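As a plain string of letters, each chain reads:
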Amino acid sequence: MTDFLWLIPLIPLAGAAVNGLAGRRFPKPAVTLVACGSAAMAFLLALGCFFDLMKLEPGARHVLKVYFSWIASGDFVAKAELLLDPLSAVMILIVTGVGFIIHVYSIGYMHAEDGYYRFFAYMNLFLFSMLTLVLAGNFLLMFVGWEGVGLCSYLLIGYYFDRRSAGDAGKKAFIVNRIGDVGFILGIFLIFLTFNSLNFQEVFRQIAGGAQRFPVEAGIGILTAIGLLLFVGATGKSAQIPLYVWLPDAMEGPTPVSALIHAATMVTAGVYMVVRCSPIFSRAPFALSVVMTIGILTALMAATIGLVQKDIKRVLAYSTVSQLGYMFVAAGVGAFSAAIFHLMTHAFFKALLFLGAGSVIHAMGGEQDLTRMGGLRRHAPITFWTMLIAALAISGIFPLAGFFSKDEILWSAWSRGHPFVWLFGFITAGLTAFYMFRLVFLAFAGEGRYPEEVRHHLHESPASMTGPLVVLGVLSIIGGFIGLPAWLGSNRFFHFLEPSLSMALQPEHPEASHAAELAFAALSIAVALAGIYTAYRLYIKNPKRAGELAVRWKELYRVLSRKYYVDELYDAAIIKPALSGSTHVLWKWADSKGIDGAVNGAGQAVQYFASVLKGIQNGMIRSYAAWIFLGTVAMLIYIYLFWPGY
Amino acid sequence: MGLLHYLILSLLLFIVGAAGFIIKKNVISVFLCLELMLNAVNLSFVAFARHLNQVEGQIFVFFVMVVAAAEAAVGLAITIVLFRNRNTLSVDDADTMKW
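Quick note, the sequences are listed as chains B and E, same order. In this text, residue positions in the first sequence follow our numbering: the first is 568, and each later residue adds one. In this text, residue positions in the second sequence follow our numbering: the first is 6, and each later residue adds one.
So that you can see chain E by itself, here it is in the shape it has in the complex (with noise of 0.2 Å):
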């Protein structure tokens, strides 16, 4: 198993992660599909880091982890207040935000 497999294997979770985020409406798997892209991320920064014996892709993944778990607080607070008030868990419901 080289390199390009772990690649291609990172490519396909983030295309089924971004493909899911465009597609999915309810909010909890738009946001399954975020993890999905940001662990997607994740293993090539690991193949990459064991590639070119560095360590600094694994640091890296550390940092994307913390960001992933604080965004992770943030996005299911946000969920809970949009159920909250608008009784939805749809995406497309939350479109106030516009010109």
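For reference, chain B alone in the conformation it holds in the complex (with noise of 0.2 Å):
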């Protein structure tokens, strides 16, 4: 199977190609066809794949295919060639395996849309991206998938192109977008530079090499520089302090795009990006403790906002890029593939979360605002149900998939000594479970808070819908036994991972008692439960309570609600000043004066020069007769008195 590993990112591409050139001739059910089917071809093969590489040995598992010379230039070249290893595998595996979920879930929620062959012609775009980021062989096929998926993300952020917010929103991502890709771009020719080779195994096999010319940096040096300059991309893609503000505002996109691109897999690329070098990070300790610092602030941060949120997916959205800061704890503390397990418990419950919004949205005849739902779980049953697993699995309630990478992370921080990281991570641990279980209550719990006739329209999602929420609800549950903590047997999703993280270095530390680790685990279940208690006791025993708390915090509320004032800051130091400068300087000054300056005198120089010239031209062609004789004989002269030899 894994000679057809090039047709993984390919099938999606000839569906967007199909769709996007000809959809609009085709019947609706043709569409769906070519996309659900590309996507659902593409995990098929992704799977096979998987197996294929299960069969090798652990240490062989590692296929690089090399298909054509891409870019030659001298020193530089680049190939076209698609790696799989485990952990390529692994997000192969999520993104075919959610992204056809959500595909077929896309069916039933798109089904009244305009452009509806636009939006899976997208989508499939997407898939192709995102393949190519993960299965990239080298540095700059990964940057090519990388800005695929930021197109994409633009895209569809801007689906609703009529609307004017959603059109700012996606200019918004693209633009900060752009600002981290400028990071990782910056980093790439770094890489090229020192190591003349942009081939991810070459350049790994360089630093970990017997020469030992790429030491454990103390202070700053080269890895450290390319290290900060990878993460400057990854805070882009992945939303990450100072660049997450485009995320919340993404969620103007149709909810399935939510859910897979702002989620499930796109934003994760910082993530996958930050682990594939981990050879680079682990050598660089003052970049990783970056990444860590980064991480757990934007954690903290992120879910603090998002208590206070009435947008039901922008709850979702804070909670994400809480989540993904969780996910670079887990790489900024060296625990790699802990990151890579969070990432795909993430994936599934996050996922159905979004799905589960969608659905509610869709019940609710597009109503967003907590505030005004209610009510919601004799309404629609299996969304209440499945949104509950998923509430409870990033909550992190053991036995669900949230607790076991979530553990994971919180135990490697404070093994691998960082207690404050731990400390502000539990907390965080209690915030998402309040904030996700205030969502659930306020929208499937107490009496409905909408005027009748919505009442009247309220109904359980088609089974196209449903479908994909009982699949994901199903992995949200089982998704985390694949990676048990030691003290309950052995990590076997660690172990599959370890051939692709053979060349980081793994820092020293002590061999902590599984019965501190039960302890821990045992700390982090009852933050959790203590958080979802909370949560009840202000929104369905005493349901004014919480009305009463905003009035009596008043100044933190407004702080939380406004977001710490962070896009106002934004605007004020950065919009403002590059909207005046371009402005007053570049448009008025050096685009008026200058530019247009320039031409326009060029333009009356001529006009000039010419109005000495023209009078030659007379159209007389006896004048003309005489001036080519005049002129010939000038030559004539010339040439006898001038060329040698005449």
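Rather than coming from a laboratory, the hints here were simulated on the basis of the structure. Incorrect hints may appear among the rest.
[Stated by the list, open to error] Some chain E residues close to chain B (C-beta under 7 Å, calculated; not the full set):
1. Leu18
2. Val21
3. Ala23
4. Phe26
5. Ile27
6. Asp100
7. Lys103
Being a predicted model, the structure only gives us computed values, none of them experimental. We treat Cβ as the ideally placed atom computed from N, Cα and C, and that holds for glycine.
Given two chains presented individually in distinct reference frames, assemble the corresponding complex, making use of the accompanying hints.
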């Protein structure tokens, strides 16, 4: 099957081409068949490749397929090469699996939208880009996928382009991502400059090689610089401080897009990239501690903002930012496989939460405000139960998927000597449980806070939407069992990933007892239960209490609901100066006066000289003949006088 | 009679043609002057061919004659059209092709 590795990204590309070019003329079922069929085929191929990989010895699980020489210029060679190893195998399974499920869900969710074919063409294009990103065997091809997913994200956020806010959100996402991408590509330049190659294996072999050219850096060295530049790219794509601002706005896109791109797959590309570059990061402690610090601050900050948001999708968006912070914490403390583990479980339950939210919005006829929901449990039972499972999973309740992965991260932080990171993560876990159950209680419990005509409209979503919910619900329950912690047996997931991470330097850390790990797991569950109980007290037992608290802590509430004024700060510090600078300096001065002046001046100069010379061209043939005659004579005289030999 | 005599005759013919081309106003006369210039050149071609004992000059004369014939056909046609449209044969009246 690995011979067909190239088909995994190319089948969705073909689907995108067919739907994008001719989908307008197709009936809807044909569009659906092409889109979902290509996603399903990619998933089956990915499964086949995965099982082929499993057949190999663990040490040999590294399949590099070189297809052709893509760019060759002097020393610089970039090949079209795909790399299948445990890390990319996990990623393609997540991308194609969750991607296929969300494609199926979209059939129901998007059935009444204009541009149905356009939506699916973009979705397939996204799958192609994302699969290129994770399968790429060198940095440059990875960058192609990296930019491709950014483009698809922009197109899909602006899907409802007749709505101004959607167009603005798309542009914001695109521009903020560009800032990160500058860092990423500078990092790639630096890698090529240092190692004279862009192939992952070649670069990592040089770093880990016997010559010891690149030991662990005590201060700031070349690896630290590379790591920090790459991480700038990761903060853009994975919505970390200071570039996270685009993700909440990205919720303007259709909900399946939020689930696939802005929760499950694309935003985790930064985490994947950091883990892929673990040989670099693990030798650059400073870069790694930057990753860890940014991660934990983002996790905590986004969780606090999520506490007070009223829009159901924005709560989930901040939750995504927060969980991505967790993944970077895991990478930052050197627990790279824990980061990928959380990436996977998060893909399951966060996609489920978004799809559930989409089902709620669908039922409510487009309403997204949590304060105008309530009592949906009776009207949409499947949505309720699956959302409940996802909320329990993300809160970290044993034995759902989120428990194992989040606990692994918190335990890694503690056992590797970062007690403050653990503490912040611990608080964030409590906050996560609180805001998730706030969402569930506000939407599904109590009495409906909506007018009578909405109540009549309420309905459970069609099977094409609830089916994916159930599948993801099952995955959210059992997804954690492949990565059981040491006190429950051996961690097969980490074992499987090991070959991909073999070149990373594992920091020495004392082997802690299983009893301590168990105690910390109990603490995590306790804080999650405390968060859930608080939400229960505030939103079910005494629904007025939440409003009273918001009044009592008015200042705090305002700061949180205004998202720490970060958007306002960026507006004042960056956007306004840039805008006025472009208007007054670049437009009115440089462009109008400088460039226009030069062009118009050239035209005027030509006109002036022409007014002198055009007297010659008077239309009189005899005068032309005289000029020709005189010219010829002048030339002959010149040749006679000045050319040697005449 | 050496080469020089032929060349002097050719030069005189050419000067007469060129001067006529510039001075004369009637299109037919201008044409005649043009032919005069061409044949002045033909004369020097033939003279050189004889002098250098090479045939290329004579071949070139054929080319010039062919071109001259074609040019005469086109030129006379233009003259007729000019006369029909403008009712004149003066080149100075056909001066609309300018800036």
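Enumerate the violated hints, using their earlier numbering and listing them in ascending order. 1 and 2
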